[in-house]
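Student: Listed in order, the protein sequences are those of chains X and P. When the count follows this note's numbering, it moves up by one through the first sequence with no breaks and lands on 264 for the last residue. When the count follows this note's numbering, it moves up by one through the second sequence with no breaks and lands on 326 for the last residue.
Note that these hints are calculated values from the structure, not bench results. Here a beta-carbon is modelled for each residue, glycine too, at the ideal position from N, C-alpha and C. Hints should not be assumed to be uniformly reliable.
What the hints assert, rightly or not - Pairwise CB distance ranges (calculated):
(1) X/E142 / P/A270: 27 to 33 Å
(2) P/R228 / X/A28: 52 to 58 Å
(3) X/E140 / P/R228: 23 to 29 Å
(4) P/T226 / X/S168: 25 to 31 Å
(5) P/R221 / X/D92: 37 to 43 Å
(6) P/S320 / X/E140: 30 to 36 Å
(7) X/A230 / P/S320: 25 to 31 Å
(8) P/D225 / X/D49: 35 to 41 Å
(9) P/A203 / X/A105: 46 to 52 Å
(10) X/S161 / P/A266: 37 to 43 Å
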Amino acid sequence: MASHWQGGRRCARQAVEQRKGRALAAIVEFDSVGLRYGTGAEVLRDLNFRLSKGGFYFLTGPSGAGKTSLLKLLYLAQRPTRGRVGLFDEELSDVPREALPAFRRRIGVVFQDFRLIRHLSAFDNVALPLRIAGKTEAEVEGPVREMLAWVGLADRASARPATLSGGEQQRVAIARAVITQPDLLVADEPTGNVDADMAKRLLHLFTALNRLGTTIVVATHDLGLIAAAPGAQLMRLENGHLADPTGALRNPPRGPAPERR
Amino acid sequence: MFGWVTAPAPERRLLSEGRLRGPTLYVIAIMTFAMVVVAAAGLALANAAGIVARGVDSRYAIQIDDSAALPKVLATVRAVPGVIEASPVPEAEMRATMERWLGPGGLGDELPVPALVNVGLAPGTDSAALGRRIEQAAPGVRFVAHSQVVRPLLKSLRVLQWLALALVALMAAATSAVVILAARGAFDTHRSTIDVMHGLGATDQQVTSLFQRKIAIDAFFGAIGGGVAAALALLVLGGGASALAGDLAGGPPLTSTDIAILAMLPIAAVVLAAAVARVTVLSALRQSL
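The shape of chain X in the complex, shown without the other chains (with noise of 0.2 Å):
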């Protein structure tokens, strides 16, 4: 039994060591990327960036500029109409359909419009990631239950998405896409329905995610959840591309900076 545990704490320690020097590596890759819906004009223009792996992003730019089409690319509900778009060292374009799914499981999205199943609990609506990745029910009532209180719903389990108010249907929404611990976390205007201080408890969960492996895209307007994360790194969108390429700087970043293409 003890050099099982010995063993675990060997693998614990390699995968850690993994970890950090995975951590320049690119997470995301766009390469002239670009995304139109049916036969309209084109939503997304030439994008060219890369994510790194446990980098912390921010997304901005105008209503309309393409935010939510950039996420979606990204939480995987859109191919690209052309270019390339890599993700977790994996080229998309050769990945078959049936393939997604297990690309989506290291995905956590927070959407705009949360997207709860409004006829399940708070409780089933943030087990529902681990019962689909297979989790025993023993498996899921610990962390669902934690996740809940942690967002201050601990008290609200079995209440349903309608009787919520919306920034309590929110946090539902953000401890649904944290409780996998995904690589990447990509939410849409996360703290559009909270009051500043869920807005900061919020942003303090991301952070923590942040700092054990996860990469976070949060798409928003709010420059006070920005200023309130210096270590981030800024992307700005505008009519469908990247406007400021070296915006990315412009939030200092803790670590060193992405490759630029």
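Let chain X serve as the given structure and place chain P on it in line with the hints.
Tutor: The following block gives chain P in isolation, referenced to the frame of chain X:
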């Protein structure tokens, strides 16, 4: 987690607001009822045809207009190897039979009554050779196979039997169509749930299992209801039909194998519904990313 037959409670809750319980269940019940009754009719017809065909197999009749030729014909027939029976129908019996059409005493004593001989042959006996010998012995005598007489009836029974089979197939197709509509409706109703599940990494199989299970449950209750109703209807009808079949064909309308086949039909309806639901939902899912 997503074994579709036995799903845990959290998984069942995912589609708990579904509108699947409704017309689908009742339509499947009605379809199953009709399918079982029509299939029972088809099987009964097949049995009746079989019984009739077996009953007239190797049975022949010799019709003699001039009853004076009867002894010669009888002697000729009985001398042929393979003839196991050659019995003339008594004149009184002939007259009684004809009185059904002509009325009592309608035939009169002065009218000659043709003679009729029932002949039974052993299997493998050359009936054509026997016919030629009878013709040589008594020209003008008709040697008729019973199967020839009942051929139109047997043909009608076979047509009805195929018609019943076609109806069962049509009803199975209609059931499939209902399930396709139900699955598409349910898919649209739960589109947002499906999108969220997909976004969280659910596979097509996981999503499909939810719908497959839900529709299979509806189909199960519908098929059981329809099957039980059909069984009751057949029991009620069966009493009269048994007597009728016994009179007409000399056997029961349905054998134990037939009853087993009929009992399998509701199960087949459930399997069909589940399979169709699976294919429908999978093909709908494949249209999304």
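Student: Determine for every hint whether it applies to the structure shown.
Tutor: Hints, verified against the model:
no. : hint                        : result
1   : X/E142 / P/A270: 27 to 33 Å : violated, 51 Å
2   : P/R228 / X/A28: 52 to 58 Å  : violated, 37 Å
3   : X/E140 / P/R228: 23 to 29 Å : holds, 27 Å
4   : P/T226 / X/S168: 25 to 31 Å : holds, 26 Å
5   : P/R221 / X/D92: 37 to 43 Å  : holds, 39 Å
6   : P/S320 / X/E140: 30 to 36 Å : holds, 32 Å
7   : X/A230 / P/S320: 25 to 31 Å : violated, 50 Å
8   : P/D225 / X/D49: 35 to 41 Å  : holds, 37 Å
9   : P/A203 / X/A105: 46 to 52 Å : holds, 47 Å
10  : X/S161 / P/A266: 37 to 43 Å : holds, 41 Å
Consistency with the previously given hints fails for numbers 1, 2 and 7, ordered from lowest to highest.
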